[in-house]
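Residue strings, one per chain:
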Amino acid sequence: MIISERKPLDEIRKIVEPLQRFFLIGCGACATVCKSGGEEEVFQLQEWLIDQGKEVTGSVVIDEACHLPRTGRDLRHHKSAVQEADALLVLACGGGVQSVSSQTEKMVIGGLNSVFLGNVKRFGQYEEKCSLCGECILNETAGICPVTTCAKGLLNGPCGGMEDGRCEIDSELDCAWHLIYERLKQQNRPGVFARRVPAKAWSKSCKPGRHQLKNTGR
Amino acid sequence: MSQLEKKLSDGVFTVTAEVAPPKGTSVDAVVDQAERLCGITAVNVTDNQGANMRLSALALASLLHQRGIETVLQVTCRDRNRMALQSDLLGAAALGIENLLLLSGDHSRFGDHPDAKPVFDLDSVQLLDMTAGLMAGMDMVGKPLDGTPYFFPGAAVNPVAEPFELIFQKVRKKVESGARFFQTQAIFDRVGLERFMNAMLPLNTPVLTGILLLRSAKMAHFLNDHIPGVHVPESVVARLESAADPFAEGIAIAREVVGWSREMCQGVHLMTLGHEDRIPDILAD
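Protein sequence lines correspond, in order, to chains A and B. Here the working numbering is used: the first residue of the first sequence is 13, the next is one more, and so on. Here the working numbering is used: the first residue of the second sequence is 6, the next is one more, and so on.
With the rest of the complex left out, here is chain A:
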């Protein structure tokens, strides 16, 4: 899930200040779970804008704002409200904001900051486990990703800053390599420690990413 959080209201206030009418867009997927862009947050933002003396021409929570055709369809359903607005204010991740901006000529304002691809630990608490690097090493690292969960993304073991199994950047954080070591030992296999891991192919996560499902002809 994409973890997102609302931008500070002061920042949003400065952007909306010269404008008057807004169409609001939320996202029914990640931003709803993160409580940053669901029905409730869209409604709160609407109330806030009205308090600021602004008008809201309408709103929609798109099922998944990262879905380009669905976003286009939802905007067409609200065509007149969209047309009346000076700008579309979007409470979705950066992907969602760009789905909207690709489907309209109108000014689009993003109301959230996207933070990371996160796992839900418990309600409201998220952890980054995967950084979508394009070259997965998890099968050798006992299912713990050093690219993401080691602060330096080291591939051949811990740095000199590890202390008592904790990370040098934050003593609350486990050292990824300590976790990998303990887990592999428990599973009685050498895993990644059996080899010197060569430099990573960052070309595998070259931006902007593109992916086309291939017909495997199975």
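Since the hints were made in silico from the structure, they are not lab data. Be aware that one or more of the hints could be misleading.
Said to hold, decoys possible - Within a straight-line C-alpha distance of at most 30 Å, the following computed DSS-like cross-link-like pairs (lysine-lysine) qualify:
(1) A/K216 <-> A/K226
(2) A/K133 <-> A/K197
(3) B/K148 <-> A/K216
(4) B/K223 <-> A/K219
(5) A/K47 <-> B/K122
(6) B/K122 <-> A/K26
(7) A/K19 <-> B/K122
(8) B/K122 <-> B/K148
Unchecked claim - Rough simulated footprint, nothing fancy, chain A against chain B, three-plus residues with beta-carbon under 8 Å:
(9) 116-126
(10) 130-140
(11) 158-169
(12) 178-184
We put the CB at the ideal spot given by N, CA and C, even for glycine.
Got chain A; can you put chain B on it based on the hints?
Here is chain B on its own, set in the frame of chain A:
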């Protein structure tokens, strides 16, 4: 062949020290400081140490080299990707620098540019591999070099960190990747050093013990609380606390670690933080 390589190869007890480039272009003071170091084989030049932006380590190492001072160029993976690292190492070789200390580097979050993007395109093992490749006349993608550099590459280790097996697997990898010597994190623990040196025996790679001159108990507490990988044991802190002259006690503690190193290791790396004039006292038998 550098003096450092020669002495370590000949089994002569070797002493190195370190200087930090200035924040700015005024290099005279640090050049003077390096020139005043006596009884030292080579001077480490730190690379944006503690993730604080300073003048280029390569530039200062070159200036010292021009004045006849042998250096150990520290190179970290924090600020440069593999292309920049390779071109800097080729540049270092062209400027006459042979000794390298190849490190991961402290995370940018610790330093004065916490918003900088931490690079870590390579880790220290891969940096050693890359250096070995350059020495074999090839860049990282296998293209031949016009002019092959020669280096004496070293690596760092925290020999008293736990779990030892996890730490030591990386030491082994570093040796396989071409590390010719090790420089340790600051050590105050004789038993820990002994365990490490015993494990090092089959690897046949010289070790310089890191020795940090403690000035006070306050400094020891600061190191324990804020510097990753440095641990000053309670017994040492207690000695500094009860000493009438804590600085003199700090020198005595450093001298003891030099003594253990003379028994067990191949040399010492002194971190005296501006008290280079006390090096003769630290090295006194």
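Next on the checklist: Check the structure against each numbered hint from earlier and tell me which ones fail, lowest number first.
Outcome noted: 4
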